[in-house]
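Visitor: The task is simple: from the sequences and hints, build the whole structure.
Protein chains: 2
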Amino acid sequence: MQTPRFPTRLARAGAAAAVWLGLLAGPPAQAAEGMWPLDALPRAQMQQRYGFEPGPGFVDKLMQGSARLGGGCSGSFVSAEGLVLTNHHCITRCLGQLSSAAANRLQDGFVARSRAQELRCPDLEITRLESITDVTAQLRAATAGKQGADFQAAEDALRARLTRECRAGAEDTTRCDLVLLYRGGLAQLYKYRLFSDVRLVWAPEEAIAAFGGDPDNFNFPRWCLDAALLRVYEGGAPAVLRQHLRLQPAGAQAGELVFSSGHPGGTDRQMTTAQLQTLRDELAQNRLPQLAELRGVMLQAARGEGEQRRFALAALQGVENSIKVVGGQLQALLDPALLASKRQAEDELRAFVAARPELTRRVGDPWADIARAQAARRELQALHGLIEDGRAFSGDLFSHARTLVRAAAERPRPDAERLREYSDASLPRLQRRLLAAVPHDPAFEELRLAWSLNRLRSVLGPDDPWVQRVLGRLSPQDRARQLVQGTRMADAAERQRLWQGGAAALAQSDDPFIVLARSIDDAARALRQRFESEVLAVERQAAQRLALAAFERGGPALYPDATGTLRLSYGEVSAVPERGRVVPPFTDLRGLAARATGASPFALPGTWQAALPRLDPAQRLNLSASLDIIGGNSGSPLLNRQGEVVGLVFDGNLGSLGGAFSYDERVNRAIAVHSGAIVEALRSVYAAPGLVAELLPAP
Amino acid sequence: MQTPRFPTRLARAGAAAAVWLGLLAGPPAQAAEGMWPLDALPRAQMQQRYGFEPGPGFVDKLMQGSARLGGGCSGSFVSAEGLVLTNHHCITRCLGQLSSAAANRLQDGFVARSRAQELRCPDLEITRLESITDVTAQLRAATAGKQGADFQAAEDALRARLTRECRAGAEDTTRCDLVLLYRGGLAQLYKYRLFSDVRLVWAPEEAIAAFGGDPDNFNFPRWCLDAALLRVYEGGAPAVLRQHLRLQPAGAQAGELVFSSGHPGGTDRQMTTAQLQTLRDELAQNRLPQLAELRGVMLQAARGEGEQRRFALAALQGVENSIKVVGGQLQALLDPALLASKRQAEDELRAFVAARPELTRRVGDPWADIARAQAARRELQALHGLIEDGRAFSGDLFSHARTLVRAAAERPRPDAERLREYSDASLPRLQRRLLAAVPHDPAFEELRLAWSLNRLRSVLGPDDPWVQRVLGRLSPQDRARQLVQGTRMADAAERQRLWQGGAAALAQSDDPFIVLARSIDDAARALRQRFESEVLAVERQAAQRLALAAFERGGPALYPDATGTLRLSYGEVSAVPERGRVVPPFTDLRGLAARATGASPFALPGTWQAALPRLDPAQRLNLSASLDIIGGNSGSPLLNRQGEVVGLVFDGNLGSLGGAFSYDERVNRAIAVHSGAIVEALRSVYAAPGLVAELLPAP
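If you read the sequences in order, they're chains A and V. What the first sequence shows, in our numbering, is residues 713 to 1411, in sequence order. What the second sequence shows, in our numbering, is residues 713 to 1411, in sequence order.
Hints may be right or wrong, so weigh each one.
For chains that are exact copies, the list does not tell them apart, and a pair is met inside one copy or across any two.
The calculated SDA-like cross-link candidates involving lysine to any residue, where the alpha carbons are at most 25 Å apart (straight line), are [what the hints assert, rightly or not]:
no.	residue 1	residue 2
1	Lys858	Ala1083
2	Lys858	Ala1148
3	Lys1036	Ala1287
4	Lys1036	Leu1046
5	Lys1036	Arg1021
6	Lys1036	Ala1080
7	Lys1036	Gln1093
8	Lys858	Arg1090
9	Lys1036	Arg1090
10	Lys1036	Tyr1134
Since the hints were derived computationally from the structure, they do not count as laboratory data. All values reported here derive from a predicted model rather than from experimental measurement.
Guide: See below:
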C-alpha cells in the first residue's frame, strides 16, 4: 500500500474528504465552530470572518509542530532539540510513576538542570502525524454485504493488514491507525512518527499547575500554570527536529484570531436521538453515580497518610475532572432544546429518504437499526463496562493479568485474526505499558479494587453469575485483599517472565489475578463479541447509510466528529459570560496573589510565595478564546496567524461541557496558559535559563 | 373547633372527600392500585375483585391498631399492654442512640427480659390517628385571592390556629396536623393520640434484620427478619390499649387478599409533566450523585475501626437505601413512556379547559404558572437544599445550633406568625429532639461535616457568597475541624442551658456552630421565604386550580398522593417477575441457610447459627404481595380479611421503585416478614416466651 508523503497526501485525501465533508446534512457550522481535519479546512469561512486563509506552509508547520501524547493529550514541539510543551495534568501518570515516598514529583515539581538529569517517563509515548491516506474504497470493498460479527471481522482484518504494511521496515519508529470519520463514512490511514523515549524536563508543583483545584476546574477566570516540558529522544540523544513551533511570549490580544492544533478525543455531534437518549440514561444512572461514589472513596482515602494519601490525591484529580465532564454532558442531554433540535434534523432527513423509493431501497431504515442496537446496548453496556472494560477490576494489577493471559492466546494467531489491541501494530505500545516498572501501593490497590468489586455486585446483584464467578463466597473486601496480597503482578520482572513464557508459563501460574483473568476470559470474550456485533457493528453500519442519505440530500460542509486525530480549531481571544457576569479574557499575577488564601487548593507553593513579589503583577497568566475544543485538546498549542505559540490550551469553561453534542460560540470557551507566563515562570520562579534560551534562541 | 370522634368523623370527612375523590381525572385506578384514606375506601372495586367490603368494624380496628413512628415509619399496636411491632430498620436511630463502644445494640440486638429492662428511645414518638375533620372551606376562605407569600402566610396562620385549638387541654398527649390532599385540593385536620415515652423491647441483630444488606435491598426473594418490638408507656407504665391487632402466625396463602395499613410518606402521581422533568433533572444531576459520593465516603470510613466505623456503618445503610430509591425514581422518570402518558392526560385536560371560556376564567392557566415556578425551582432548589434544608451542614450539631438560634427568635412571637416548625403544636416534638442526650463521635462528625461543606463548595463554586460566608478562607476540612472541635453542641446540658436562656444566652454564645447559624440566619430565612413564595405557594395554588378543572370534567375516583397519613392498600400474596424469571411469593428458613455464605452481608449472627438446625426449615420467612406501598409504609402490618396481622411490610421490590409516579401491578410488590417467622424467632432464637405469650395470649 502506498503511503504518500506530505504534501501529496493532502491532495489525495482532500479529494475524498471533499466529497464526504459535503454529505452530513444539518445546520451549517457556526462561525468558529468545528474541529477540522488539516486536509479539509473551512477556508472560505475563515477568509470571510477573519480575512485569513491558511496556506500550505502554515498547515505544514502545524502538522510538524503538533504532538500527540499517549493517554489522550496533545502537545507541541517547541525546540529544535525535541522539547515538547504540554500540560502538567497530561503527565500526572508519569509524575506519579517517577515519584516515591521520598520524592513526590507530582506535589513538588521537577526541573532538570542538565540533559543528564532528564528522567524517562516509563510508558509515555509521543507521536507526530506524517501522512493521511484515504482507504474508504478498500474498507467498502472489504465489508460489502457483511453484517454484525462478519462486518466487524472484515474491518479488523483490513485494519491489521493496512497498519502492518504501513509500518513495514520502520516498526520501531512508526505508528499507523485506521481512522473512521463520520462514524465510518470515511476511512483514512494515519501514519505517525513514533517517539517512545520521552523524558521529563520540567514540571511545576501541582499546587500552581492546578491552582484552584476541583472548585475552579472548568471555570473562568483561572490562575493555573498547567504546563510542563518533555523531551523526545532517539538513539539515546535528544531528537533533532526539522521543524518546530516557536514561543511568542507577547501572547495574543483580545479579539485576535487564534488557532489550536491538537487531538480532540471524541464528540457525539452526529449521534441520532436514540443514541443520545441511551447515552443520557447511561450517564445519569451509571457513569455519574459511579464517579461520584469513587470521589467519595478517594476524598476519604486522601484524609489518610503516606503513600495511600499520595495515590488517592492523584486519583481524585482525575475522578473530579471526569465528574465535571460527565455532569456537563448530562446537563446538555437533559436540555429539551438539544434533543428537539436533533430530532427536527433527523425528521427532515427521514422525510427526504421516505419520499425517494430508490434511495429508501439503498439506505434502508438506519434509524430503526440504530434503535434496535440501543436495546442491545442498554442490555449489555453496564456489564461490558464492568467486565470487558475492566471497571469491576480497578487498577493496573488485573489489567496486567488480563493482558498476559490474552497475549499468550493471541500472539500465536495470524495478525488479521487477533483482537485489535494484540495486532502487530499495537503490540509494541501494549508491551511498553505492560512491562514498565512503576510503583504500586498495596493498600491503595486493595482499597480501589474492593470498591470496584463492590460496585460490580451493586450493579449486577449478588445472584448474577458474573458476581458469583468473580467473588465466590467472599465479600468484595475480602476478595480484594486475597487478590492484592497474593499477587506478583506489581513486579515488572514477574510480568516480563510471564510475557516471555507465553501460554505455558501462564497455564502454570497460580497468581490469583492470573487465575481470575483466565477463569473469566472465555465468557468475557463472548461478551465482547456480542457487544461488538449487536451494538457497535450495527451502529456503525447504519451510520454509513445515514451518511449516504445525507450526501444525496446535500447541504453545507460539516466537520467529522472528533476521533483523537489532529484537528484545527479557530476563533478569537474573547470574554465569556459566566454565572451571570461577563469575565474579561485575561487574568494576571495580581489576581493570582489576591486569590491565594493559603488553604489548599488556593495555596501557593513555596517557590511562588518567594517569587511573586519580584514578578510583574501585570504579567498575564491565563486567557479564554472561542475555540471549539474538547477533552484530548489538553496541551494543544494556542497559535497566532504566524503560527507562533501564544498560549497552551489546558481546559474549557463550564459552557464548553455541552460541546460533546453541539458548539455554542456564545458560551463555549477554551482556556489557555499565556505563553509569557510560561517563560516568566521558567526564568524567574524555576531559575531555568537554559530552557528559556532553548525556547527563545537569540535571533 | 369540633373534633368529632369515630365513626362520626368518617361520615363528615367522607362527605367532603367523596366530592374530591371524584375530581382528579386520569386513567382509572388499576385493580389493587391506590393508597386509600380510611374515610374514602374504594369499596366497589374491592367488592368487585375480591368479594370483600370493609365494614365499619374493620376500619375502626385498623385505625386503632395502626401506629405512626416519628422519622417516617409505620407500625401496629399488637398487645393490650402497648407492644408496637415495626421494622428493625425503622428504629436504627434509637438503636444507635442506645449504643456505645461497649454495647452495640444495632449490631448485637437487644431483648428485654422484663419490663424493667425496656430502654427508652431518647427522641422517638409514636402516634395513633384519632379523627379526621374536613377544613377545606376554612382554608379556602383564609387564602381566597391571595398569592405567593401572602397565600403561604394565610395558610400558616390557619394551620397554627387549627392545630392549637385541636390540642387545647391535652397538649402532652395530642398531635394535630393540617393535611393537604390533592396538593391542596382538600384540607383535613388529623388528630392523633401521642405517645412520647417509647421503649425498646426487642431488636434482632442487624445481620439477620438486614440479611443480604444493600446487595439484596429492594430485591425479591429475600430472607430478612426486619422486625422489632417497642412499647408505648403513659405515666411511667405500659399504656393500656382499648383495641389492638392480633398476630396470626399461620400467615396468609398465595392468592389470598391482604391489606397494609400504614403511612406512605409521599408520592408524586399528580405532578404535572413540567414538575416531573424538574424532578428528573434534580435527581440525575444533584441528588443521586450526592448520595453516591456520600456512599463512597462512608464505605471508606467504615473500613476504619471503633466508633467511627460504627457510625459510618449506620449512616451507610440509610444512604444505600436512598440510592436505590432515588435510582429507581430516576429510572422511571427517564422512561419516555411515563412522560408520554402523563403528557397525554395533561393535554386532554388542557383541551377540556380551553374549550370552556367560563372554566378558563376560573382556572386560568395553572400549567403556565407551574412551569414558571419550575424556573424558580431550578434556580433555587440546590441552594435551598444546601442551606435551608441543611445539606451543607451534615449532622446534628449544626441542626441543634440553628434550632436554638431560631427558637430564641420565634418563641416570643405570636403562634400564627412563627415558622411552622416553631408553632405551639410543633414545639414539644422539636424540644424532645433537641434536648435528648445522644452519643456523638467527634471524628465522625468532623468527617461528614467536611464532606458536606466540600459539597457546598463543589455545587456553588468557590466564589459564591454563601461559600465565602460559611468557609471564610478555610478549606472545608479545616473549617469542619474548627467547628466540631470548638463546639459544645454535642452536650445536651449545654443545649438545655441555651434553650432556657433564650435570645440573651444565644447572643452571648461564642460556640462556633451558634456563631455560624446566627451569621447566616437572615439570609437563610430570606432564601426560604423566596423558595416558599416563588415555588411552593405557586405550585400549590396552581394544583388547586388543576383539581378544580378535573372536577368539572368528571372521571373515575382517584386516591390522593401520599402525605405521610394513614392509608389502606389492598392486593394479594403473589409471585413477581424479577430479572426475567418469576419468583414464588414465599421464602423459608431452608433458603436462608442456603444463602448464608458467612461473609457479610450474607453472614448469620451467632444466635441464628446456633438455632437454625433446630428450626423447621419449611417455616416461611418473607413474602411478596401486590400492595401499592412506598417509603413510610415500612413497619405497616400486613392484614388478612379478619384484620389479623399475617406479616410485617419492610420493603418493596425493584419494580416498586417507580411507584412514586405510577402503579404497575405486574411488577410492583410489597415485601413482608411472615408473622410466623417473628413468633418462631422470639420463641426459639431469642428465648422470649413472655413476649410470645403477650402476642399470642391463650384464647
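Visitor: Would you mind marking each hint as holding or not holding in the structure?
Guide: Each hint tested on the structure:
Proximity of Lys858 to Ala1083 under the C-alpha cut-off of 25 Å is restricted to the intra-copy arrangement: shortest distance 19 Å within a copy versus 50 Å between copies. Taking identical chains as interchangeable, the C-alpha atoms of Lys858 and Ala1148 are never at most 25 Å apart, the minima being 40 Å within one chain and 73 Å between chains. In this assembly of identical chains, Lys1036 and Ala1287 lie within 25 Å of each other by CA distance solely inside one copy; the values are 22 Å within and 43 Å between copies. With identical chains, the CA atoms of Lys1036 and Leu1046 are at most 25 Å apart both within one copy (15 Å) and between copies (21 Å).
Proximity of Lys1036 and Arg1021 under a CA criterion of 25 Å is satisfied intra-copy only: 22 Å inside one chain copy versus 30 Å between copies. Proximity of Lys1036 to Ala1080 under the C-alpha cut-off of 25 Å is found in neither arrangement, the shortest distances being 33 Å within a copy and 32 Å between copies. With identical chains, the CA atoms of Lys1036 and Gln1093 are at most 25 Å apart both within one copy (22 Å) and between copies (20 Å). Only within a single protomer do Lys858 and Arg1090 lie at most 25 Å apart by alpha-carbon distance; the minimum there is 24 Å, versus 49 Å between protomers.
Proximity of Lys1036 to Arg1090 under the C-alpha cut-off of 25 Å is found in both arrangements, the shortest distances being 24 Å within a copy and 19 Å between copies. Within a single copy, Lys1036 and Tyr1134 get their C-alpha atoms no closer than 33 Å, and across copies no closer than 40 Å, so neither meets the 25 Å cut-off.
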